[in-house]
Every structure is written in structure tokens, then in C-alpha cells.
Amino acid sequence: MSDPPDPEVAQAAIEYCYARGWSDGLPLVPASKPLVDRFLATTSQDPDEVIGELEQVGRTCSVYLAAVNAAMAGCLPEYFPVVLAAFDALMRERAARGGGWQSTSGPAPMIVVNGPVRHELGFNTTGGAFGPGFRPNATIPRAIGLIVRNAFGIRPHVLEQATQGLPGRWSICLAENEEESPWPPFATDGGLPAGTSAVSATLLRTCEFVDNRHTPDPEHVLTDIADTISRTGSLIFKDTSAGVVLCPEHAQLLAGAGFGKQDVQAWLMQRCGRTGADLRRAGKNGLRGSARFADPDPGADGEFTRILPSPRHVPIVVAGARNAAISMVVRVFGEWSGTATQIKTLEAERGHVPAPVTR
Amino acid sequence: MAYPILDPTGSAATEAKTSVRAPRRTNLRGATVGLLVNTKQNAAPFLDEIGRLLAERHGAAGTMARTKVNFAAPAPEDLVKEMAAGCDVIITGIGDCGSCSASAVADGIAFEAAGLPAAAICSDAFGVTADAMAELRGAPGYPYATTPHPVAVLTPDQVKERAAQVLDDVVALITEPE
Numbered sequence: 001m002s003d004p005p006d007p008e009v010a011q012a013a014i015e016y017c018y019a020r021g022w023s024d025g026l027p028l029v030p031a032s033k034p035l036v037d038r039f040l041a042t043t044s045q046d047p048d049e050v051i052g053e054l055e056q057v058g059r060t061c062s063v064y065l066a067a068v069n070a071a072m073a074g075c076l077p078e079y080f081p082v083v084l085a086a087f088d089a090l091m092r093e094r095a096a097r098g099g100g101w102q103s104t105s106g107p108a109p110m111i112v113v114n115g116p117v118r119h120e121l122g123f124n125t126t127g128g129a130f131g132p133g134f135r136p137n138a139t140i141p142r143a144i145g146l147i148v149r150n151a152f153g154i155r156p157h158v159l160e161q162a163t164q165g166l167p168g169r170w171s172i173c174l175a176e177n178e179e180e181s182p183w184p185p186f187a188t189d190g191g192l193p194a195g196t197s198a199v200s201a202t203l204l205r206t207c208e209f210v211d212n213r214h215t216p217d218p219e220h221v222l223t224d225i226a227d228t229i230s231r232t233g234s235l236i237f238k239d240t241s242a243g244v245v246l247c248p249e250h251a252q253l254l255a256g257a258g259f260g261k262q263d264v265q266a267w268l269m270q271r272c273g274r275t276g277a278d279l280r281r282a283g284k285n286g287l288r289g290s291a292r293f294a295d296p297d298p299g300a301d302g303e304f305t306r307i308l309p310s311p312r313h314v315p316i317v318v319a320g321a322r323n324a325a326i327s328m329v330v331r332v333f334g335e336w337s338g339t340a341t342q343i344k345t346l347e348a349e350r351g352h353v354p355a356p357v358t359r
Numbered sequence: 001m002a003y004p005i006l007d008p009t010g011s012a013a014t015e016a017k018t019s020v021r022a023p024r025r026t027n028l029r030g031a032t033v034g035l036l037v038n039t040k041q042n043a044a045p046f047l048d049e050i051g052r053l054l055a056e057r058h059g060a061a062g063t064m065a066r067t068k069v070n071f072a073a074p075a076p077e078d079l080v081k082e083m084a085a086g087c088d089v090i091i092t093g094i095g096d097c098g099s100c101s102a103s104a105v106a107d108g109i110a111f112e113a114a115g116l117p118a119a120a121i122c123s124d125a126f127g128v129t130a131d132a133m134a135e136l137r138g139a140p141g142y143p144y145a146t147t148p149h150p151v152a153v154l155t156p157d158q159v160k161e162r163a164a165q166v167l168d169d170v171v172a173l174i175t176e177p178e
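Chains as they are written, first to last, in the numbering used here: chain Z, 1 to 359; chain L, 1 to 178.
Simulated from the structure, these hints should not be mistaken for laboratory data.
The reader is advised that the hints may include incorrect statements.
To be verified - In silico SDA-like cross-links for lysine to any residue, where the CA-CA straight-line distance does not exceed 20 Å:
(1) L:K160 with L:V171
(2) Z:K33 with L:L79
(3) Z:K238 with L:V153
(4) Z:K33 with L:T9
(5) Z:K33 with L:A2
(6) Z:K238 with Z:P184
(7) Z:K33 with L:Y3
(8) Z:K33 with L:P4
(9) Z:K33 with L:L6
(10) Z:K238 with L:N70
(11) Z:K33 with L:T39
(12) L:K160 with L:T63
(13) Z:K344 with Z:D37
(14) Z:K238 with L:A152
(15) Z:K238 with L:Y3
(16) Z:K238 with Z:V158
(17) L:K81 with Z:E55
(18) Z:K238 with L:P4
(19) Z:K33 with L:D7
(20) Z:K238 with Z:D297
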């Protein structure tokens, strides 16, 4: 490195960004034209192209604004095609296009990355999948958060009305551990061929771990996961959606017992749910439209109500290290659209595969 | 400095329009009251009761109730047109969540632009977001009625009480006595 940068200039620039109200609370990288130009150079999309519109607030996001926010979030320019794909994937989700960013539930995007881009850009694909510690995993979801704040103008306490929010709202970006997964990559469930660099995205209300490391029986593991999925607290509508981020050990245990991903989904769809009595005790046994409410009638106490209507409502991802049997149930806000989005790098457009980034 | 720090918002300040409010009626005698229900829990019975009280106590001729399926988004244009054609005043609500409170106010402003006096009703927990939306729509300070939070847990009788409590505010929003 040549002369070290002037810390006082850097501090003044950071404080300038705070004073303008652009920050999510943490320091931002002040964006300049040369930096943003390097982001724009990674895509064939026009800087003025509108890539997202939020009708209710009358705001749009262009490729240019996404680049400014991605630069401020701390992304490297080469991450920008992933930011664009992740934003595109999120804007396909009804939950995000509707009132999700303003919602009292304060949901977090969960971005799942598949394909060679994981190693090309140095994503963490193993231990500590939910973070922190790795620049692409940390800064790409932060860029989405800054776009929502700055380009869409949805700021906490004003147009954003989260009651409590959740830990890690703008920091969940998993790169699937394809190398240790016994199953095809998650992006293939979203309709893309294996080996495609792609992102899938949905909104989460929270995550909850399932620690089950002392049994060789796949049914024990699935029963434990089903119990977590079936909690009444997260049940607000007739149906629910809960993803399972399996650790490699659980995934391999299940695959070794003959379970394909679809078998796991079918098993959970069949077993996840509660009895009418359980739901009544929690004031959630009645249905008005699709919303649950307290119905004093105990008539359905003995019936078992299933809550996962389709495989799309229980997406399965494999992530983390193979060092313990700890998986995560992720609580989907609304439902996942079931689509994956290809990452359009210039290299991919030219048919060239870049060398992996060394960490 | 060689290069300025770039602005990530891309926004120009919204220009405040000179008048966003439609002309007020002096009273509600013979008026058809449009009820725009946003599907939030208790919104329908709340607005129904407002409609009933406006007929009983203020001489309104009747109501036209419509439901907005997507509570987070502004009312679709054809729905605004239909209600503007068939109604004399509009009541919209209940703004009882992050997106629907803002959206109830946005709908009120849309009906004002279509020439109808409107009263949005929001839970008092969402004042900031409702005000922010009014500003976004070029109508800073646009007045709306509030009812104490929460609304979703009220019993049918409590909903009626609440409707009665907010009635005078609603009438004051949509009329202007001579």
C-alpha cells in the first residue's frame, strides 16, 4: 500500500453520510463517481434502467442508485451483479413488493447464493453461514437495506413501522454448501440448471435453531424440526411457510437414509401442524378468510390441522459447517415465489469463467 | 475535494400542492357514503357502524361498501372511479398496520383529487407513518381521524363504541357547516 489514507478526511466523510440520514446506523463508505463507475462497469444494464418500483410510496430504484447504495454498503464492484440479481429476486416476491418493507413485522430478506459465483467472489460457504465475518455475505444484504432506506425512502419510525424487527435484518446472505450437500443446489428448485450462478430470495420473520446431534435416526431429526415448525406463535394465517436450512450433517443423515429433498418436504408437510385444541388454547383456531382468530367453539379440538400446503412452503437449503448437527428453521414472511434468479456477470455473458478470488 | 460524495436517495423534494382537499358539503343529508374497507381485522364492522350512524344521526341516504384487496397498496384507479361516481363522501380505513395506515391516508388524498371529501381513520399508533405518506403525496398536514390502538382485538360491541366515539371527528373532516 502507498501512503495510508488520511483518517480525519475519512472520518469527516463518514460523519457527512450520517448527517444526511443515509446510514442504517453503521458507518458507510462515502460513494464517489469513480467508485460508482466501477460498479456500473460490471453490468450491461443501463444506469437509468428502473429495476424496482414501490407504487405505494411513489419511488423507484435505478441501476445507478443501486450502485451508489451498494458502494456505500461496502460491496466491492464485482459484487454488483449479485446485488442486482438479489434485488431483482426480492422484487419478484409479492411480500416485498407489497407492504413488507413497511410492515410491523419488520421482515429480513434472506438471500441464498448458488453456483460458481460463490467461490469467484469469496463467499463464505461453510461454517457460520448466517454470519458475520465475510465481506460479500455481509455487504450484499446491507446494500439491499440501504436501497430500501435511501432509494425507496422507507426509514425506521416513519414509513417503516417494525414493532420489534429481528436480529440481522440486513445481514442474511447464505451461500449454499453445495460441496457437502447430498442434493442438487437450491437454485434448481427455483427452476435453474445446476451450476448456474444464481440467487433466490425471500423475506424472513426470524430463524430458530434445531440442535439434534445425538441420534442416528432420521425420523428423530425430522420430528424435532417438525415440532419447531409447528409452534403456534408464528401461525397467523391458515397456512404458513417455513424453510429449513439443514446443516450438512443432518442433510447427509437424511440422504443416507434414502430421503431426497422432496421426501423431506413431503414428510414435513404431512406432520407439521397442531390439533384444534392446541390452536384454541392459543386463540388461533378460528378462520376469518385466511386469518386466524379465537373461536370459542371446541368442536374441532380433536382434529389435526396441517399448515404447509405445498413443497414451495417448505424450501430446503443446505448451509453451514459439517462439524455439528445443528439446523435452522427460517420463518418465511408470506411465501416464497419458488423462483431463482440468474446472476448476470459480464463474464457470464461473454462465456468466460473468471479465476477464483483467493482469500 | 476532487469528487463530491454521491447522494444515494435520488429524490427530489415533493412539491406541496396548493389545495388537495375537495370542497366540503355543509351537511350529510341525502349523501351516499362510500366505505373503503382495507380487510384489516375489525375494519369492516367499524366502517359499517360509521355508515349506519351517519345515516341515523346525520341523514345520509345510504352506503356503498367496497373492499380493497391489497391493503398495502393505494386503491386501484377503477375502484376510485367507481366510488367517486357512486358516492358523495368517502370513509377509508382502518389504518392499523405499517403499510395500510399510510395507504389509507393515500387513498383519502386520491379521493379528494377525484372531488370527494374523504375521512381516513387510523389507529393512533401509526400517526407518524400516516403523516409521512401525506407529505409524500404532496399534502403535508392532511387531516385524518384517529382511534386508540389496538383495534384488531376489540369485540363487536367495543367496535361499535369506538365508531361512535370517532363519529364527530369523521363528520368534521368531511363537512364544513355554513
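Hints versus structure:
1. This hinted pair checks out: K160 (chain L) and V171 (chain L) have alpha carbons roughly 16 Å apart, not beyond 20 Å.
2. At most 20 Å may separate the alpha-carbon atoms for a hinted pair to count; K33 (chain Z) and L79 (chain L) exceed this at roughly 45 Å.
3. Restraint check for K238 (chain Z) and V153 (chain L): satisfied, since their Cα atoms lie roughly 18 Å apart, inside the 20 Å limit.
4. Pair hint K33 (chain Z) plus T9 (chain L) holds up; C-alpha atoms about 15 Å apart against a cutoff of 20 Å.
5. With a C-alpha separation of about 10 Å, the suggested pairing of K33 (chain Z) with A2 (chain L) holds against the 20 Å cut-off.
6. Distance hint between K238 (chain Z) and P184 (chain Z) is unfulfilled; the C-alpha atoms sit about 31 Å from each other, more than 20 Å.
7. Between K33 (chain Z) and Y3 (chain L), the direct Cα distance comes to roughly 7 Å. Compliance with the 20 Å bound is thereby established for this hinted pair.
8. At most 20 Å may separate the alpha-carbon atoms for a hinted pair to count; K33 (chain Z) and P4 (chain L) meet this at roughly 8 Å.
9. Under the criterion of a C-alpha separation no larger than 20 Å, the hint pairing K33 (chain Z) with L6 (chain L) is consistent with the structure, at around 7 Å.
10. Using a Cα cut-off of 20 Å, the hinted pair K238 (chain Z) and N70 (chain L) holds, with the two alpha carbons roughly 18 Å apart.
11. Only pairs whose Cα atoms come within 20 Å are accepted, and K33 (chain Z) paired with T39 (chain L) is rejected, the gap being roughly 46 Å.
12. Restraint check for K160 (chain L) and T63 (chain L): satisfied, since their Cα atoms lie roughly 17 Å apart, inside the 20 Å limit.
13. Under the criterion of a C-alpha separation no larger than 20 Å, the hint pairing K344 (chain Z) with D37 (chain Z) is consistent with the structure, at around 17 Å.
14. Our distance criterion of 20 Å between C-alpha atoms is met by K238 (chain Z) and A152 (chain L), whose separation comes to about 17 Å.
15. Proximity of K238 (chain Z) to Y3 (chain L) is assessed by CA-CA distance (about 55 Å); at most 20 Å being required, the pair is judged violated.
16. Simply put, K238 (chain Z) and V158 (chain Z) have alpha-carbon atoms about 30 Å apart, too far for the 20 Å limit, and the pair is violated.
17. For the given pair, K81 (chain L) sits about 18 Å from E55 (chain Z) by alpha-carbon distance, which is consistent with the 20 Å threshold.
18. Our distance criterion of 20 Å between C-alpha atoms is broken by K238 (chain Z) and P4 (chain L), whose separation comes to about 52 Å.
19. Our distance criterion of 20 Å between C-alpha atoms is met by K33 (chain Z) and D7 (chain L), whose separation comes to about 11 Å.
20. At roughly 17 Å between alpha-carbon atoms, K238 (chain Z) and D297 (chain Z) fall within 20 Å of each other, so this suggested pair holds.
Hint violations for this structure: numbers 2, 6, 11, 15, 16, 18, all remaining hints satisfied.
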